[in-house]
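With the hints as constraints, model all of the structure from the sequences given.
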Amino acid sequence: TQLLEQSPQFLSIQEGENLTVYCNSSSVFSSLQWYRQEPGEGPVLLVTVVTGGEVKKLKRLTFQFGDARKDSSLHITAAQPGDTGLYLCAGVSGGGADGLTFGKGTHLIIQP
Amino acid sequence: AAGVIQSPRHLIKEKRETATLKCYPIPRHDTVYWYQQGPGQDPQFLISFYEKMQSDKGSIPDRFSAQQFSDYHSELNMSSLELGDSALYFCASSPRLAGGLETQYFGPGTRLLVL
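Residue numbers (my numbering), protein chains in the order written: chain A, 718 to 829; chain B, -7 to 107.
Since the hints were made in silico from the structure, they are not lab data.
Every residue, glycine too, gets a C-beta built ideally from N, C-alpha and C.
Don't take each hint at face value.
Said to hold, decoys possible - Just the calculated beta-carbon pair ranges, DEER-fashion: (1) S62/B to G769/A: 35 to 45 Å; (2) E9/B to L775/A: 41 to 51 Å; (3) L775/A to Q33/B: 22 to 32 Å.
Stated by the list, open to error - Listed below are the simulated DSS-like cross-link pairs for lysine-lysine, each with C-alpha atoms no more than 30 Å apart in a straight line: (4) K776/A to K787/A; (5) K5/B to K44/B; (6) K821/A to K49/B; (7) K7/B to K49/B; (8) K44/B to K14/B; (9) K773/A to K787/A; (10) K774/A to K787/A; (11) K821/A to K7/B; (12) K773/A to K821/A; (13) K821/A to K774/A; (14) K821/A to K776/A; (15) K787/A to K821/A; (16) K49/B to K787/A; (17) K821/A to K5/B; (18) K5/B to K774/A.
Here you go:
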């Protein structure tokens, strides 16, 4: 069974601060996706990373895939209250229609 | 842009009843996935279908079954419902791309409450 360890589980910081969320595994993933989920709604895709060492930027969000494709990070610069939410990392180990393995999620609160 | 459609959005059933959840994938997506998310839990993969054939199987109980139809929509059939089946059920869809590195796009979910 593949596991994705996501940390921290909870994070509350002040507006304007920077933060990093980590997603680690002992297994290799063919791709890794980051989602944001609001209560009672479906996960919304933020980014997919597929190449070891890949870095993708989405405005103030920077996503990195580890060289060995076993870990990933999400860095938010100058966090804003609108960034508040649940962030989930999810990986696929094989190809085809394999189901995603999700991390437990990071509950992020940005205080004004 | 069109998204994944799920129906119903909310469903209340009693123990031992049956339920059918429907999923309509994004147009031109041929793969659908079903996930179950309990309160405070991360989504757990149940089952997936590609071109109407079961592709991958996760932690789907034997009481549940699913299928994908010729128009690519999918239905999750749940029988002998138990209290523990109360959860959010998500459907996701993806296009089949070369290399198999599909990105999954999630629907809004069906909230099932079993009383």
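Structure-based check of each hint:
Judged by the Cβ atoms, the range 35 to 45 Å given for S62/B and G769/A holds: they are separated by roughly 39 Å. Hint check: E9/B to L775/A, Cβ distance near 43 Å, so the stated range 41 to 51 Å holds. Judged by the Cβ atoms, the range 22 to 32 Å given for L775/A and Q33/B holds: they are separated by roughly 26 Å. Pair hint K776/A plus K787/A holds up; C-alpha atoms about 25 Å apart against a cutoff of 30 Å.
Proposed proximity of K5/B and K44/B is supported: the alpha carbons are some 28 Å apart, at most 30 Å. About 20 Å separates the Cα atoms of K821/A and K49/B, which keeps this hinted pair within 30 Å; it holds. With a C-alpha separation of about 25 Å, the suggested pairing of K7/B with K49/B holds against the 30 Å cut-off. Restraint check for K44/B and K14/B: the C-alpha separation of about 14 Å stays at or below 30 Å, so the hint holds.
As the CA atoms of K773/A and K787/A are separated by approximately 16 Å, the hinted pair is consistent with the 30 Å bound. Annotation: proposed proximity of K774/A to K787/A holds, straight-line Cα distance about 19 Å (limit 30 Å). The hinted pair formed by K821/A and K7/B meets the criterion: a straight-line CA distance of about 29 Å does not exceed 30 Å. For the proposed pair K773/A and K821/A, the alpha carbon gap of about 22 Å is at most 30 Å, so the pair holds.
A distance of roughly 23 Å separates the Cα atoms of K821/A and K774/A; the hinted pair therefore holds under the 30 Å criterion. Annotation: proposed proximity of K821/A to K776/A holds, straight-line Cα distance about 25 Å (limit 30 Å). A hinted pair counts as satisfied when its Cα atoms are at most 30 Å apart, and K787/A with K821/A qualifies at roughly 16 Å. Taken as a hint, the K49/B and K787/A pair is honoured in the structure, with Cα atoms around 23 Å apart against an allowance of 30 Å.
At most 30 Å may separate the alpha-carbon atoms for a hinted pair to count; K821/A and K5/B meet this at roughly 28 Å. Distance restraint check for K5/B and K774/A: the Cα-Cα separation of roughly 44 Å exceeds the 30 Å cut-off, and the hinted pair is therefore not satisfied.
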